[in-house]
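Per this note's numbering, the very first residue in the sequence shown carries number 70; after that it's consecutive.
Check the hints yourself; a few may be wrong.
[To be verified] Simulated DEER-style distance windows between Cβ atoms: (1) Thr256 <-> Asn194: 36 to 46 Å; (2) Arg122 <-> Ala152: 18 to 28 Å; (3) Gly288 <-> Ile85: 42 to 52 Å; (4) Asp250 <-> Tyr283: 23 to 33 Å.
Just so you know, the hints here were simulated from the structure itself, not pulled from any lab data. By construction, the Cβ of each residue, glycine as well, lies at the ideal position given by its N, Cα and C atoms.
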Amino acid sequence: MLKQNIHPKKTAFTMIELVFVIVVLGILAALAIPRLERDLRQEAVDNILSSIRYTQHLALLDNKHTFDNATWQKSFWTINFKANGDFYTISSNMDYGTAVDASEAAIDPSTGKAFYSSDAVIDANESKSIFLYHNYGIDSVNFTACTNIANTLNTTNNSNHIAFDYMGRPHKGMYNTATNDYRTRMTANCKIIFGFEDASIDDINITIQKETGYVQVEGQEDL
Numbered sequence: 070m071l072k073q074n075i076h077p078k079k080t081a082f083t084m085i086e087l088v089f090v091i092v093v094l095g096i097l098a099a100l101a102i103p104r105l106e107r108d109l110r111q112e113a114v115d116n117i118l119s120s121i122r123y124t125q126h127l128a129l130l131d132n133k134h135t136f137d138n139a140t141w142q143k144s145f146w147t148i149n150f151k152a153n154g155d156f157y158t159i160s161s162n163m164d165y166g167t168a169v170d171a172s173e174a175a176i177d178p179s180t181g182k183a184f185y186s187s188d189a190v191i192d193a194n195e196s197k198s199i200f201l202y203h204n205y206g207i208d209s210v211n212f213t214a215c216t217n218i219a220n221t222l223n224t225t226n227n228s229n230h231i232a233f234d235y236m237g238r239p240h241k242g243m244y245n246t247a248t249n250d251y252r253t254r255m256t257a258n259c260k261i262i263f264g265f266e267d268a269s270i271d272d273i274n275i276t277i278q279k280e281t282g283y284v285q286v287e288g289q290e291d292l
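With the hints as constraints, model all of the structure from the sequences given.
Structural data, given as structure tokens:
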């Protein structure tokens, strides 16, 4: 009677198979690296668009048209970007001061943290999403052609912020030109350019349209 072999012969990869697997993994890695860079840029786009639109959403819900202060437009819901890309804030200058503090900031609905920081250090009570440099390597934010009615009155503003009124219309220059005559209302589309520390990543060009406040990314108009 023949004895059955209860221990089947073990098999292993041949050298050719191992080389083939290594080649395939190399090809996948070469394809994945550029994809990761595009994802980083797209994540930044999604964050910025969402935050600008959320600021406008707050303005539509929360009417700040109170005429008992000569500079009442300062209280519009505003998104303010640091020029070096460190972070942004979303707030309403409720006390009409020269700056906002944490108590005047909007709350991130996904985390319950404030859309606010006074520096580039991430504190426990601050939304991590606002730190553009830390999250995506954005190191510059430039506003171009963002004119308002005040510009026609020979008044200039170089601030990196956009505010919205109760109709969702964009305003510019809230801290140095806010008056009762609506001179902060934008008269032309505003373009914002976000640059990356990594020069291989293309800039993000965002346009905010006058009157409607509609926000779109250059090359991604359907977003």
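Hints, one by one, checked against the model:
1. Thr256 <-> Asn194: 36 to 46 Å: About 38 Å separates the Cβ atoms of Thr256 and Asn194, which means 36 to 46 Å holds.
2. Arg122 <-> Ala152: 18 to 28 Å: Given a distance of about 22 Å, which is inside 18 to 28 Å, the answer is holds.
3. Gly288 <-> Ile85: 42 to 52 Å: holds, 45 Å
4. Asp250 <-> Tyr283: 23 to 33 Å: Distance hint for Asp250, Tyr283 holds at roughly 25 Å.
Of the numbered hints given earlier, the model fails none.
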